[in-house]
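Protein chains: 6
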Amino acid sequence: MRVVTFGELMLRLTPPGYRKLVQAESFEAAYGGAEANVAVSLCCLGTQAEFVSKLPANDLGQAALNSLRRWGVQTGNIVRGGERLGVYYLERGASQRPSNVVYDRAHSAIAQASAGEFDWPAVFAGADWFHLTGITPALSPELADICLSACRTAKEKGLTVSFDPNYRAKLWSLSDAAAYMRRILPYVDVLITNENQAADLMDIRIPQTEINGDDVTDRGYLFLAHELQKNHGLRYVAIAERRTFSAEDNSFCAKLYDGEALCTSVKYRMDIVDRIGGGDAFAAGLIYALREGFSTQEAVSFAAAASCLKHSVEGDSSPLSAREVLSLANGSANGRVQR
Amino acid sequence: MRVVTFGELMLRLTPPGYRKLVQAESFEAAYGGAEANVAVSLCCLGTQAEFVSKLPANDLGQAALNSLRRWGVQTGNIVRGGERLGVYYLERGASQRPSNVVYDRAHSAIAQASAGEFDWPAVFAGADWFHLTGITPALSPELADICLSACRTAKEKGLTVSFDPNYRAKLWSLSDAAAYMRRILPYVDVLITNENQAADLMDIRIPQTEINGDDVTDRGYLFLAHELQKNHGLRYVAIAERRTFSAEDNSFCAKLYDGEALCTSVKYRMDIVDRIGGGDAFAAGLIYALREGFSTQEAVSFAAAASCLKHSVEGDSSPLSAREVLSLANGSANGRVQR
Amino acid sequence: MRVVTFGELMLRLTPPGYRKLVQAESFEAAYGGAEANVAVSLCCLGTQAEFVSKLPANDLGQAALNSLRRWGVQTGNIVRGGERLGVYYLERGASQRPSNVVYDRAHSAIAQASAGEFDWPAVFAGADWFHLTGITPALSPELADICLSACRTAKEKGLTVSFDPNYRAKLWSLSDAAAYMRRILPYVDVLITNENQAADLMDIRIPQTEINGDDVTDRGYLFLAHELQKNHGLRYVAIAERRTFSAEDNSFCAKLYDGEALCTSVKYRMDIVDRIGGGDAFAAGLIYALREGFSTQEAVSFAAAASCLKHSVEGDSSPLSAREVLSLANGSANGRVQR
Amino acid sequence: MRVVTFGELMLRLTPPGYRKLVQAESFEAAYGGAEANVAVSLCCLGTQAEFVSKLPANDLGQAALNSLRRWGVQTGNIVRGGERLGVYYLERGASQRPSNVVYDRAHSAIAQASAGEFDWPAVFAGADWFHLTGITPALSPELADICLSACRTAKEKGLTVSFDPNYRAKLWSLSDAAAYMRRILPYVDVLITNENQAADLMDIRIPQTEINGDDVTDRGYLFLAHELQKNHGLRYVAIAERRTFSAEDNSFCAKLYDGEALCTSVKYRMDIVDRIGGGDAFAAGLIYALREGFSTQEAVSFAAAASCLKHSVEGDSSPLSAREVLSLANGSANGRVQR
Amino acid sequence: MRVVTFGELMLRLTPPGYRKLVQAESFEAAYGGAEANVAVSLCCLGTQAEFVSKLPANDLGQAALNSLRRWGVQTGNIVRGGERLGVYYLERGASQRPSNVVYDRAHSAIAQASAGEFDWPAVFAGADWFHLTGITPALSPELADICLSACRTAKEKGLTVSFDPNYRAKLWSLSDAAAYMRRILPYVDVLITNENQAADLMDIRIPQTEINGDDVTDRGYLFLAHELQKNHGLRYVAIAERRTFSAEDNSFCAKLYDGEALCTSVKYRMDIVDRIGGGDAFAAGLIYALREGFSTQEAVSFAAAASCLKHSVEGDSSPLSAREVLSLANGSANGRVQR
Amino acid sequence: MRVVTFGELMLRLTPPGYRKLVQAESFEAAYGGAEANVAVSLCCLGTQAEFVSKLPANDLGQAALNSLRRWGVQTGNIVRGGERLGVYYLERGASQRPSNVVYDRAHSAIAQASAGEFDWPAVFAGADWFHLTGITPALSPELADICLSACRTAKEKGLTVSFDPNYRAKLWSLSDAAAYMRRILPYVDVLITNENQAADLMDIRIPQTEINGDDVTDRGYLFLAHELQKNHGLRYVAIAERRTFSAEDNSFCAKLYDGEALCTSVKYRMDIVDRIGGGDAFAAGLIYALREGFSTQEAVSFAAAASCLKHSVEGDSSPLSAREVLSLANGSANGRVQR
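Protein chains in written order, with numbering that gives the first Met the number 0: chain X, 0 to 338; chain H, 0 to 338; chain D, 0 to 338; chain Y, 0 to 338; chain A, 0 to 338; chain W, 0 to 338.
Hints are computed from structural coordinates only; laboratory data are not their basis. A few of these clues could be false.
No copy labels: a pair is met if it fits in one copy or bridges any two.
Okay, derived cross-link-like pairs now, SDA-like style, lysine to any residue, Cα gap no bigger than 25 Å in a straight line [as the list claims (entries may be wrong)]:
1. Lys-266 - Ser-331
2. Lys-169 - Gly-330
3. Lys-169 - Asn-329
4. Lys-154 - Asp-144
5. Lys-154 - Ser-113
6. Lys-229 - Ser-113
7. Lys-169 - Arg-204
8. Lys-169 - Ala-321
9. Lys-266 - Val-215
10. Lys-169 - Ser-320
11. Lys-229 - Asp-58
12. Lys-229 - Glu-194
13. Lys-169 - Ala-56
14. Lys-156 - Gly-45
So that you can see chain X by itself, here it is in the shape it has in the complex:
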């Protein structure tokens, strides 16, 4: 049985080191996208995963597809055709200077895909989990419908559906995103979110008494998770708590609510190599852990460790194995040389 994810795969172009785009004489090339990152990370953890999308029938589309196969991602349901491959330029921040993303993703093959190109019942044969983020429905109204249709089929076929709203202001408005949340949440089993998205997209606000400056109390998170779970009939609510002190200095902590208890991971303070894909690695870690039957506490610890380690490697997706993630989740966080 395998996990299916669906979304856009883009060419990522990054100037070397800490050069800004206006200083770049070359770019490191990689391919990434939230849902593809989840599929790659799942394969590296040891789970079978498939990525579904549409890629242009040219050399760039092929290179993007190959970048997934390298890690073992199944690509048999990727449609080939369309106008172009989306591109995003990433300028790595440092200290007080933020990382900066310039998107050039309009008119991409997937953004122009139509419903008839995806045969969801066939895609979901042999699958038990479907993962989606809010980026894909934001790309076009047609894709918004395709995502709903995929979720509907997934549910009919008995798959678990996980969803991360992943709100991007450059793609759609908060009100459009909130409206879409109401359409898709009925199909969702596992929701991955944070307090800002809960407030802005799902209208759940933590009481002010549970907030101290940047910090939220455990009671506050429990309230949030419980409301979401109750309102939308969710199986699990995962909450990612990131704090950004500088471009390289972030903390990351996660919560997981299973309807009974809210379990919390260690809070990691990270010296970041590559910030992109930290959330996707969390999603992958969570899916892996839940499918492996980990307890709620084990699952949130594993998923947070997977996310933490992603920040220490270059690229959009995490090449770490389950063994490496478990080593950190089990407490070995001192970075001592392994020899």
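For chain X, the structure is supplied; the task is to place chains H, D, Y, A and W on it using the hints.
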């Protein structure tokens, strides 16, 4: 007095060495486009040149603009705005494997520009020459009209107009290009072309008796040049004769007809470093030479040498100085170390 | 239906540019081996292919395996375990200086594999072709037996078996290799060889009257192919004719004998980017063409073009598509820019 | 109206990463110098700026000049000629190991320039600000006089003059520098300095009661600024307060005194990418802010933010836009990804 | 007089930046090994040093040998021959992700060396110090005996012998290592160790009352050093105290006991560039200091500073000069630019 | 017994690939100089060699010195001190574009050295050969005298002296060089030259009847060699015949006259990787061969092969072993892969 060129400037992404696109892990970044290449080459030869275009108001547009300023190109009339910067991917060929270009230039800022954005009378103040290629009008019907309008203004202001059809089958059909030729040729003083374009776009065919396999006799070229000159009232007809034996092994020779004599350059056999922009360096060399008052023979020799040397450097445009080009034009072609 | 190949996959370490090993401060890393190269090239041509081997259960073994998956090679029957991954260091030659290979492949996982680790009937399910070279049996006596056992099973299952002796003096003696040829040839349908191997390993010598210096007449090659075909009941005999003028300047021509006619390809004169894997790309091209039902003439033309183009790209294996190979096989050899 | 700066532009050679000079196999090449850095940074902020110097009439001089044009710096008054381009080698420090600069700048074109080569009245046409540092007069007695003469002309033409002593012990003695300060300060409107230079070069010492270890009280700085302002009739006194905890870990804070109040910026704690040019970016930020009519508090906040951000990018000068600097000056310092 | 060290020299292959091995497309190549690192560091400090080993008689062995000569290490007693050069792959860790070493050192030339290949009396002519680590005897039983024989000869010749147990669990068991310690300690004058090795290999345990969490009191270290000194008749006992907070964030402090007093260095908190060889740089600093006649306090300060600075440079060994180390040892630790 | 060479060692900075200096963003760093190149090449061939010079007492001087030690060159008599290390910038030519050298060598430590800094009797202890080129005396009048004094001592000590005029027009005039030739030739045993230098510096002109265009007859070379030998009492006259067809396409052939016969090498046609140092590799090959007692024919064949192979590797000096050179000298010139 300066030379003005008008067209599209794209980001060029090239895998290192002889890697194919599907093998690329990084790209060398440069910015190029036929008319921008001419402007850069002119500046390096020692002529004042300005490039007019539209570039997006983001970091990529700024980096593209900076790449021109570096060489001294004037950029004060470049409009900022629009959707995106065009991109092209260049896979360097070798031996029997051809170089391969993948365009991703649709929806670019310049392709979506409108007539009101360019104030040609202001642009041409202080200019005595306007250079254009057939790529720009192929980008959109609006641009086709803008080019005509620019030519009209240029003629009114007394500028010399040079034009290189530069036919690209991926941008428009032969019949559309031929129709456009009939509209623009009345404004052209200096035409840069070759026997294929003459036949396909301007309906001038060299008699079969003057063709031996790949070779055309001098009489054949004279016929061609004379017909073009006579039919369209041209001041100069320049003919570029390239023969392609392999990806790195080409010959290049040029002819220049001034209405009286057809002057011919040396034929260079080149071991090519970078094929792109060879024709643009020829155009720049020709404009430089004619503006400097070189004789027809000197001009064609200089322009051919400028093109030859471009093939020996990386990038779309030629950084060579007039001194370096003259050294080759005057016969110093043995590549001996200068020390 | 798919093609199966079996052999060793090594880490290839190459100093950048034309640096010698004693000058190297860094290495480009790739993974290659004759039979793996054939599988990669087949996938790029559009054929399903699987590679069978044994790789260590560490990060290097994983990276090697991933390098195959990237191109679509199936890796489900690769055994994981054993001591180490073989390495080879490649120093790129230039002009009169030959390329130089330093092997560090002893004690590799595959060289120490045992018969029980490969379940050939299971491997060959869904396969119609098995390709092998003389490198694999040379790695250990156990592997020599495993190869025979695999061939026996392949024949029982109705697969076509192709074999390239690929004699390497650093691995075994001529007499040991010749003795092994007598054991394996009964299972072979398609033999890929040249006049030296025919003489040294299979005791077929072209009459001196058919040899002029470095050249062999068509009658000479026909004699050779016919003798081999007749003696060993072969379906096809393919002969690769390489001439080495300098490190970058080689010619390549191929012959294919189907028991009736000897068909000959064009002779390519190549300006080489990377010499390694030229023979493997020929084998892949031949297998592709024969499986696609090409005529003997079409098949040898396609296979020679595939080999020729391999020399123009970096790495052990050919990333070229069938479309690109056909373009050359059909005569488009001038390397003109595709744009 | 534009800003003019005058000084030396050198080739900067930096080993990649944290390699020491004795480990270097290659160098990253850039061009920098205190006054050129200010000009580049001003152009990136959006101010017209011109750099005046003398550069050799060879390819290196041209490359140096081009490096300025790229950012829009005007170079029309740069004299070409002289013996050589100065070079400096920069070894990037880390942790307890300091960055190390090896100068090879003796005999440079500018160090050997003579007064007659610069036509200051012509240079200052269209300019309203002249910036200078103490490095230029330290290069030769002739240059010391040229700087005074330039300042005199600048004042006559009504330009504002800013000066940063930038004392370098490798170029001249403290007593020579102090003597020169007495000659140049009469022409200075805006002085950029720190407490060490104030003591060593201008004989103003903060009372010990206002110093606690490494820290100076606001009253101490006010005393210092007021004394300098009063003694030398300055319009503004800017004080840069850097503290160096390790090679990558510095704090930076600035003060600006306008004769009435001493305004103080935020104190930034920085994880440094490239330390060189931090002071020049401060000067550029200050000039930009004062010319734009910012209040004293806004000006010091902007200038400190400009300096802080410079530390996060590679190279001698700051490519940051006014928008980016304002974002930090207005409090957005957490380095969160912009997407 | 010179220092002699004896051990294995390996090719070190490191992916660029923070890439994991499974992400590597290239490797930085260097040559290292504990005892070779000590010899290189000694030469850079200004001491004559010789490294003794066995290297294969191929280009890789030559490159390894050249890498030592570059720094001035004497190599006249390196035996050439044997099967292969050992390799180790180093994946640089970051934040919570540890650095990871994959060894491929079995079957190396030195691991298969035999006693007759080393003529110790000749090697030690002109030498006054012999340094060894526990890695070398762990490579083979034969090497264990060779090391003892070398120590015996060294003592007979009047050399000082220093030893660092450098326990590696991948090479031998704790009990084998402990048994070997009992054989070699009688020859040792200067022992470099830490509290874990003292407990595991030499059965000296610090009383629990002297341990607070990760910290050991000075009384605890004094107890340890005194026990070791007394039991084994040592001249000096050096103790390295490393604490690992993350992959880049370590502290380092050293103690040196001369039979009378326990002297302690500053505790350095380091932002690490390259962790490998930190202990070897400490050993080199200690040998340098003791041979130069530094006091016990000066010696431990110098050795700790040498180790600290090693962490700030890339590669296995320290290229720092005695002047640079002294500057830190004398308190200049703020990393301020030297210009 | 060893060979001593004396001269200048410079930092060589080369843009990557075929970039021109005005396009360079980085430089490959190496260290070279005619006489140092000879010493390095001799060590790689297996001869003991020492290089004498003066290098600044800074990190660049140390790096230069280390670059020689790496290959085994003895550096014990290199004086440390002086102002700066000379630099030269090398722009690699291609096809019709020549390579271009920009020197920045004035004021270097060696150019300012004085006679008292070199103790020639001590230098020549244990040496049997002294090699010098005309570059060193051209650097300063003092050096011209030092060279003569060194030659005088060398002759007194019984060393063989070899000399290559290596005329550089940028360093001195033809008449100064010719005058110096008359002073130094009395000490020379082995002269390495060509027909142009013979005419310009030593006033020996080949009769026009022996010249056909670019070619000289064997009788012409014999005349030249005999005249030189007779006039100056030389033991050997070596003549290098290079023809330059393009930047990468040269031929090289050598002649050696021993007073009786003129022996000629094969004429190599080379596809050049790096042209610099071709003559120095020839000198090294010749010195090696003559010291090894090769016959005149063997010596010229070996020296020409050594020079030919140098052109196929990057850098100023040849890392090739005697085995590799002999392989080519003995006729194995086809560049076939060694595996």
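Okay, the hints, checked on the actual structure:
1. When the C-alpha separation of Lys-266 and Ser-331 is checked against a cutoff of 25 Å, the pair qualifies both within a copy, at 14 Å, and between copies, at 24 Å.
2. For a Cα distance limit of 25 Å, the shortest separation of Lys-169 from Gly-330 across copies, 22 Å, qualifies, whereas the shortest one inside one copy, 38 Å, does not.
3. When the C-alpha separation of Lys-169 and Asn-329 is checked against a cutoff of 25 Å, the pair qualifies only between copies, where the shortest distance is 22 Å, while the shortest distance within a copy is 38 Å.
4. For the homomeric pair Lys-154 and Asp-144, the shortest alpha-carbon distance inside one copy (15 Å) is at most 25 Å, but the shortest distance between copies (52 Å) is not.
5. Proximity of Lys-154 and Ser-113 under a CA criterion of 25 Å is satisfied intra-copy only: 21 Å inside one chain copy versus 47 Å between copies.
6. For the identical chains of this complex, Lys-229 and Ser-113 are neighbours neither inside a copy (34 Å) nor across copies (54 Å), given an alpha-carbon limit of 25 Å.
7. For a Cα distance limit of 25 Å, the shortest separation of Lys-169 from Arg-204 inside one copy, 24 Å, qualifies, whereas the shortest one across copies, 54 Å, does not.
8. Taking CA atoms no more than 25 Å apart as the test, Lys-169 paired with Ala-321 passes between copies only; the shortest distance there is 22 Å, against 34 Å inside one copy.
9. For the homomeric pair Lys-266 and Val-215, the shortest alpha-carbon distance inside one copy (13 Å) is at most 25 Å, but the shortest distance between copies (28 Å) is not.
10. In this assembly of identical chains, the alpha carbons of Lys-169 and Ser-320 lie at most 25 Å apart only when taken from different copies (21 Å versus 33 Å within one copy).
11. For the identical chains of this complex, Lys-229 and Asp-58 are neighbours neither inside a copy (48 Å) nor across copies (44 Å), given an alpha-carbon limit of 25 Å.
12. Taking CA atoms no more than 25 Å apart as the test, Lys-229 paired with Glu-194 passes inside one copy only; the shortest distance there is 16 Å, against 55 Å between copies.
13. Proximity of Lys-169 and Ala-56 under a CA criterion of 25 Å is satisfied inter-copy only: 16 Å between copies versus 27 Å inside one chain copy.
14. In this assembly of identical chains, the alpha carbons of Lys-156 and Gly-45 lie at most 25 Å apart only when taken from the same copy (23 Å versus 33 Å across copies).
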